[in-house]
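Trainee: First residue of the sequence shown: 1, per the UniProt record's numbering; consecutive thereafter.
Since the hints were derived computationally from the structure, they do not count as laboratory data. For clarity, every value in this text was computed on a predicted model and none was experimentally measured. Check before you lean on any hint, since a few could be wrong.
Quick list of in silico lysine to aspartate or glutamate cross-link-like pairs, EDC-like style, CA-CA up to 20 angstroms [as the list claims (entries may be wrong)]:
1) 87 x 38
2) 30 x 55
3) 88 x 78
4) 88 x 74
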Amino acid sequence: MRHQAVKDKAPIHPYISRKKEICDGSPIIKRTRVRVIDIAIEYDRLGYSPDQIADAHPHLGLFQIHDALSYYYEHQEELDAEIASRKKALAELRREFVPKPEEPRE
1 MRHQAVKDKA
11 PIHPYISRKK
21 EICDGSPIIK
31 RTRVRVIDIA
41 IEYDRLGYSP
51 DQIADAHPHL
61 GLFQIHDALS
71 YYYEHQEELD
81 AEIASRKKAL
91 AELRREFVPK
101 PEEPRE
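Between the sequences and the hints, there should be enough to build the whole structure, so can you do that?
Mentor: Structure representation (structure tokens):
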């Protein structure tokens with residue numbers, strides 16, 4: 001029940017922006033083109049710490065990275081679907097445009 005009460009308050013994310021005309025509407029860190037999903041992938045899938053992410057993106061502060069991660073976990077289902085969709089589109093492009101290596105001859 002406590003989780004529901006917290007969820008009903010809809011936290012404010014001062015460092016996150018979402019506009020249809022920027023990055024196809026994917027949420028980004030304000031005044032950058034760094035998508036929340038990019039930060040989430042680095043943290044959740046690649047295992048980088050927030051400090052390591054900040055080192056990789058020196059123009060971002062830890063406060064922005066933590067806000068992006070907070071936003072991601074609050075919208076995880078939606079953003080995971082976006083990640084999966086983009087991954088599928090990339091795989092289709094690879095199949096279409098990247099030549100397959102030739103089979104080895106005997």
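Trainee: Compare the structure with each hint and give your call.
Mentor: Taking the hints in turn, this is what the structure says about them:
1. 87 x 38: holds, 12 angstroms
2. 30 x 55: holds, 18 angstroms
3. 88 x 78: Roughly 15 angstroms between the alpha carbons, so the hint for residue 88 and residue 78 holds.
4. 88 x 74: Violated, at about 23 angstroms.
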